[in-house]
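**Q** Protein chains in written order, with the numbering used here: chain A, 167 to 404; chain B, 167 to 404.
Do not rely on the hints blindly, as some may be mistaken.
Pairs count within a copy or across copies, as identical chains cannot be separated in the list.
[Unchecked claim] When the alpha-carbon atoms are kept at most 30 angstroms apart in a straight line, the in silico DSSO-like pairs for lysine-lysine are as follows:
1) 389 <-> 294
2) 389 <-> 330
3) 228 <-> 294
Derived from the structure by calculation, the hints contain no laboratory data.
Protein chains: 2
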Amino acid sequence: MNVPASIGNDNNTANRSANRSAVVLLSGGLDSATTLAMAQHQGYRCFALAVDYGQRHASELKAAARVSETAGVTLKVVRVDLRTIGGSALTDDIDVPTGGSVGIPVTYVPARNTIMLSLALGYAEVLKASDIFIGVNAVDYSGYPDCRPEFISAYQSMARLATKAGVEGAEIVIHTPLIQLTKAEIIRQGTALGVDYSETVSCYQADDEGRACGMCDSCRIRKAGFAAASVPDPTRYY
Amino acid sequence: MNVPASIGNDNNTANRSANRSAVVLLSGGLDSATTLAMAQHQGYRCFALAVDYGQRHASELKAAARVSETAGVTLKVVRVDLRTIGGSALTDDIDVPTGGSVGIPVTYVPARNTIMLSLALGYAEVLKASDIFIGVNAVDYSGYPDCRPEFISAYQSMARLATKAGVEGAEIVIHTPLIQLTKAEIIRQGTALGVDYSETVSCYQADDEGRACGMCDSCRIRKAGFAAASVPDPTRYY
């Protein structure tokens, strides 16, 4: 397939990837699978990191395993039991809303991206990887505070001071290639890069076989994205 | 005991504590036990958080349980298996050095304070707590990058943007009351506040009963601290 040179690029890209390793946060969802494909397309040697935070939708982790196997990258799964501290419909016994939501929804997991980036930062230090990719998105982002560009920028400044690499003058750069894309643009670019979205699971309450409810915020955004991209939706619903 | 009003205060203190809750990171070591006593002395309702990151010195966690029980605070233990990503003598099968070290030592756990603060941030959001206390120290700090004031300050800026509280205009404030104190000053202030240091474990390779080696960096710094403070050292060595 003919892939336009601009696909999957981001502000931090130019000539950076030669002989570099990157940690890619992989949830098993549509966005992170696309992010991994973009990082590989940019030439990074990629190491996938999934965080098992006690989420109700454990089928996400199975999807992360499928996606990383197809991409030919090593997947590490770090277990962090966020159920201990509670506070989200994604980890606790709170109903997932199906009618759209206003403001920050109950599916927000407190400090989730902060925690996941911190684990990626630690893993990058261990690997001596210079780059981290995370598929956050500020357009179709469900109102989570830790998906905004200003959060990522502040995280980058903090990471510079947190790490051995930073102290020694080498910064670990955080890439967010999806941050300004619509869901339809993400799907179009991922499709051009050969991402098989049938391997991914986005639903907040997918069943054990990775079939989706079709009604939660995440399903609604995904479904509308395939429609807007005019790409056939391979999602299996129950 | 007559406790001077200045003890345990910090830049973020003035009249802040009324009716406020704080998450206090508690490792079971000397520094975090002192930090908890200071936070209580400032009037915060404290919630202790220990992070079980697969450390070799699990007797730390038993110490955290003793310290929080004596202080009358609830302790939550969040398990994060950092052994999955490796990279430190404190989690891996690497010898702990006993002869002092130059630069960033092998006992450095990649991104540890970043990860622990992120978990504390998530827990603070769940509790609607307004403050976080962490016993980092920039004086006797063994060269870890994530113990420096500039790291904490950058973390604070990031946390402002990461959280629901921040988005709604209420900042979660991070306190580091020990950051500019020598080990002797920490011990003197903690002793004035009634901290029972026999409950604490600082050793990187303590045995199951919490007895210390007396030779690792952490033991050496602690031992010298008691001597410099002219406070009897209650540490049990094996």
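**Q** Classify it for me, residue 389 with residue 294: is the Cα-Cα distance of at most 30 angstroms met within a copy, between copies, both or neither?
**A** Neither, since 38 angstroms and 35 angstroms both go past 30 angstroms.
**Q** What label fits residue 228 with residue 294 when the C-alpha limit is 30 angstroms: within, between, both, or neither?
**A** within (27 angstroms within a copy, 33 angstroms between copies)
**Q** At most 30 angstroms between alpha carbons: which applies to residue 389 and residue 330, within, between, both or neither?
**A** between (43 angstroms within a copy, 27 angstroms between copies)
Hint 1 alone, counting from the list given before, is not met by this structure.
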